[in-house]
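Novice: Produce the entire structure from the sequences given, and follow the hints as far as they go.
Heads up: the protein sequence lines correspond to chains A and B, in order. If you read the first sequence in the numbering used here, its first letter stands for residue 13, the second for the next number, and so on. If you read the second sequence in the numbering used here, its first letter stands for residue 13, the second for the next number, and so on.
If you are wondering where the hints come from, they were derived from the structure by calculation, not from laboratory data. All clues given are correct.
The list makes no distinction among identical chains, and a pair is therefore deemed to hold if it is satisfied within one copy or across any two copies.
Once the Cα atoms are required to be at most 25 Å apart in a straight line, the calculated SDA-like pairs of lysine to any residue come out as:
#1 LYS74 <-> SER188
#2 LYS81 <-> THR30
#3 LYS404 <-> ARG581
#4 LYS184 <-> PRO108
#5 LYS74 <-> GLN186
#6 LYS184 <-> ASN216
Number of protein chains: 2
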Amino acid sequence: MGYLVDPWKVVEEGLDETRNLISESLTSIGNGYIGMRGNFEEDFSGNTHLGTYICGIWFPDKTRVGWWKNGYPEYFGKMINAVRLMGIHVEVDGIPLDLHHVPVLDFHRELNLKTGILLRRFTVQTPKGSVTVQVERFVSLSQKELLAISYAVTPHFDGRVVMKPYLDAHVKNQDSNYGETFWDMLTEEENEDSLALLTRTKDNPFDAPRFAVGSAMSCWAEGLEMERRTLRSGYVEVSYEGAARACETVTLEKYSLCFTSRDHEEKELTTYAMRAASRAREVGYTKLRAEHAGAWKSRWAACDVSIDGDDAAQQGIRFNLFHLLGTYSGEDERLNIGPKGFTGEKYGGATYWDTEAYCLPVYLAVAGQDVAKKLLRYRFLQLDEAYENARKQGLSGALFPMVTFTGIECHNEWEITFEEIHRNGAIAHAIFYYTVYSGDQDYIQQNGLDVLCGVARFYVDRAHFCIRKQQYMIHGVTGPNEYENNVNNNWYTNRIAAWSIELFYTVAGKVPTERKALLGITEEELSHMRDVVSHMYEPLDEDLGIFVQHDTFLDKDLMPADQIPKEERPINQHWSWDKILRSCFIKQADVLQGLYFLGHLYERDVRKRNFDFYEPMTVHESSLSPCVHSILAAEIGYRDKAVKMYQRTARLDLDNINNDTDDGLHITSMAGSWLSLVHGFAGMRTVDGLSLEPFLPDAWQSYSFQLLYRGRLIRLMVTGDRATVTLLEGRPLTMSLCGKRRELKTEISQMIEGKCM
Amino acid sequence: MGYLVDPWKVVEEGLDETRNLISESLTSIGNGYIGMRGNFEEDFSGNTHLGTYICGIWFPDKTRVGWWKNGYPEYFGKMINAVRLMGIHVEVDGIPLDLHHVPVLDFHRELNLKTGILLRRFTVQTPKGSVTVQVERFVSLSQKELLAISYAVTPHFDGRVVMKPYLDAHVKNQDSNYGETFWDMLTEEENEDSLALLTRTKDNPFDAPRFAVGSAMSCWAEGLEMERRTLRSGYVEVSYEGAARACETVTLEKYSLCFTSRDHEEKELTTYAMRAASRAREVGYTKLRAEHAGAWKSRWAACDVSIDGDDAAQQGIRFNLFHLLGTYSGEDERLNIGPKGFTGEKYGGATYWDTEAYCLPVYLAVAGQDVAKKLLRYRFLQLDEAYENARKQGLSGALFPMVTFTGIECHNEWEITFEEIHRNGAIAHAIFYYTVYSGDQDYIQQNGLDVLCGVARFYVDRAHFCIRKQQYMIHGVTGPNEYENNVNNNWYTNRIAAWSIELFYTVAGKVPTERKALLGITEEELSHMRDVVSHMYEPLDEDLGIFVQHDTFLDKDLMPADQIPKEERPINQHWSWDKILRSCFIKQADVLQGLYFLGHLYERDVRKRNFDFYEPMTVHESSLSPCVHSILAAEIGYRDKAVKMYQRTARLDLDNINNDTDDGLHITSMAGSWLSLVHGFAGMRTVDGLSLEPFLPDAWQSYSFQLLYRGRLIRLMVTGDRATVTLLEGRPLTMSLCGKRRELKTEISQMIEGKCM
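Specialist: So this is what it looks like as structure tokens:
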């Protein structure tokens, strides 16, 4: 792919325009507030997908095409491209530095994962000689509104350098269906050392919120003079110009800041932005850069995973943690994690079930209980909207959205929005996971119980009683395997529904009567819930000894995925949707997802039989698939398979395995590589206290990682067949290591050891 | 509803703006080339849906929204609003005659079904006194390109009348998703007595054809002087003005003509249109009107259905025949019948399976074999495109489109386009029906065999072999009941597929080897086809003695439709799509559609058991549903039910039964009322020669209708318990009447009689 394997960096040598969209995705940077693809600062007329996004800024796009039906979402929400903050027009002796047009002599692009700094260095040929540019930028981890850029130009001849940093709000979304634009231009302003823009998202007919963004820039140049300023609707620019002697470097520092009406009054936005821009300029690039790099250093101290003996694996997991932590910081409980983060427009930057199903355990362990609780609270805060989603389908209870910004469902495909009701179960499971991991009973009995109640009520109403079979059934669903839809009695959905209802009434049984009264729960309702759970239909095949994916799955033309011709993979890029839907091939874990979530309730041989049956038909064309298989494979002793599946997750984007990294990175599934390593290789289980049962992949010499666990910081190191747990911070703890119950005591010894199986 | 029951007219007394959209639909007129809603000629700022359409003029709208998948259609084809041909701005003493603004004293709108002339008469109040208008228009049955209007204004005071007839190409579709327009304005022209416009449909990225339309108008006024002409982009107008004495009538005659690039060279269109406009003016309104009315008279002579004793039923069937014959005339084999004809934009004016399933038998009997053969040829001419549709799904054979203009599928819902594969069977059935009705073996062995071969190959490839059940299955379909989708082994689909394959190899067995060689058919292929037919899985329930709609239908919460609260009907306007899909309620005949098509293969008690099981769950929210039930009910002796279902079909639009007549008329399902009467009440069967087994509905005194049958014109009259068949034209015939074999001889007696059961 042209990217070097490096434990702490993503390095691209040489500009290959055909892979530029992939490189832009890989070198995206973000700080949980601003995020941007690895676009060039200077003009580029080649293949590029310009993307600068501000977390929580979205627009409700139209969906009411002719075939709209009752219960379909009113709009399709999408994160939108905001002001272009990074732009600088650059010319040397009248030649614009457009790398698509000028000959490129060398090109180096490097994302430093340790410091969060993106660097580019290149030399181009112009009629009068070559010009070298070195540019770096970062979105600050210590001041969320700040993008800082240092842009240095060195002509290798006496030349005239022009640099025109600008802010431009005339941006479009790549995925805009009808070439629509989403921004109203409001005002432009200037003061002594900065320029500002105020923009607001366009009006919409859906009662969805509008957002104002105030952005400002302030610049500092060495070797150049400021010539003039340009302010026009939605655009501000400063022009710098100067003569550079041969091999003399001229440098521009650009500080772009943006504030939004999500945090401040609209009328103050540009004032704040201009003030902050001036201040950034005063502080200066070097100091700001050091603060930012220092913040990344602290982050890594708590969460780094280190792998010895496999640099590719090492790079993969750090790349993934870097992007996860750059997407969501846990500072704002109104925010969540889009499947592509800020690296592309696919999935519209909205919240999916990925957060609960994959990301929450990672944030719990690497960012801590408070951050994870914010993710849970996000759903609690949207409970009213979840009730509204259910009501729109004519159902009771709460249907959390499959895709959302506000809690209201905002995706367009009915086969996803009102059929993938399994997401409610993932939200219940996240509360369960948080509770057993943290030991915190308060959340589940307070906010959590409200959520569980809505989930349980929804599932109870969504099931119907089948007279012929005398059991409750759930018809018309799409399971996690989106390569089928509108199926009946998807085992995973029926199972997670029954489990969620049971979780609710179990917890409800432990809270005071007054708490139950607040929920309006009666004994009759609870008793009906128990009846539904005990008579929930579970499709299974006794001969095969497996759970059946859904009612008629076994009538399909069953065959292993290795019978698909290689040139037809991935099938979603080669086959018609009709062929995919009718095939037996599974996009991502479905029955196995259930055995992963509820693994503590099933024997090993049950998991093994189902794994042996389903995995061969699984094409893993969801990035969320391999990690679950890696963990289950590790559990049932298929270590090679576990490692293979880990590699697919860990380097999915770096190696462009699904041939879609150009669209953006698979942020949420990045969590899967951590899960594979920690839940899979290290065998971490937390349902009944902390337990680790690690093994070392054959090709590795050792690996280690840290966990935040119930107020402690714990480190596991696995070398050869020796597992060493160190209590780095916090009180003593009883845990299980390699199948033995052990005490981690601060006083006597911080370290325990076990022998891996 | 405010409409009078009249055997030959639709009459509205009094202007009720709340029902104006319905009235506009009901008073649509068409001649198989131009069609238009009952809009007012003068300006109207109230509730209206302006609609003037030219047959075969359509545009491919965008469909590639974010979630487009392989095999989804590239575009959504829609018939588009063309030049507004009827418009006249009218003012009296400076007051525009806008019925939304001026007080309306009386209002009468009348569509004469016998003559095809639309008349309006109204009196409005203006500050100086009242003004009476009488206007009539028709689209000529004797010159397809002509719309003629006579507009007479009578002020009841001395006043100044201004009339400005115009052509305006700045029209939009009501259903335009993003407010798009579909026309490029090319040129405007004038000569001594006419003005013209040339427009062309906009460019599109789908290789779909573009159409040019040349329209012209010529006018003649009595009591008014021509003042001036206006020509601007896409708009031409002539202004007439004059002083009218109290109670003196001034009259404008407007002749609008339009020619299209479907029939002529683009560069000649306006020349032709202007010439024809001038000629129309010369001939004059009275003569043109008489020619047109005469043409309708001849039509009615061949096809009228007369009902004595039930004016509502009488009006219904004539209304339906009028609109059917005004939509499709059989002159152009590239045209077909849109479900709404030219009366609205729903269903986009495209071709659906309705044509073969419902309309073909009607045209065969009332318009003749040649017209019906054009409908069959329409599909034959699109066979290559049908192969392409299948190829896009990764399948062999021909998949005729569910919705089309060119043969290429052009609807947007995957659950319809590649799941409703039953339409292929309807197309095969139409060939069969035509063959047994007409006795013409040539068609099925020539063009027909090519079509049947494509259909058979598609079904064979679409089925898969289920190892567990050792039978062929068809998964992932939507049956005729669109209130379910993506079901497995829909009985109707499996059955019609097997029947179609069998029809193909049966006919193929009768043609010379060289003919088979042309199709590339081998013995192996035929043998595999026989295997698929003999092992096709048919879901049935032995206890209930019924065919099962699809694999898991009986697991649903089954209940009769009368348990749905009345205020929730129709469910498609009150329930979420999710609730509808999971319910047991059937939109239109599904198993019963099969027993209707293949009735000759099933015993009466099989039909009865299935009718008894399914009909109570059927909500008939497709306008295509009641007729099939009416016919089956008649067959199994449920005469009251048969009559009730007939009434629903016959007066569906006149009584706005489905609460959607505002969208346009249900043209194709209008065929159903004729089918109910002829196949149902009169018990006509034609599989094995002509057979009639009529009964007389209790409330009727008599009914009669004509049939074109194998070169004969036959009339059936049913009075009391006496059925009389008269051979009006043609050679002698052996037929069955009331269960007895009879000879219809010209020489001895033209008439036979039977006693109804």
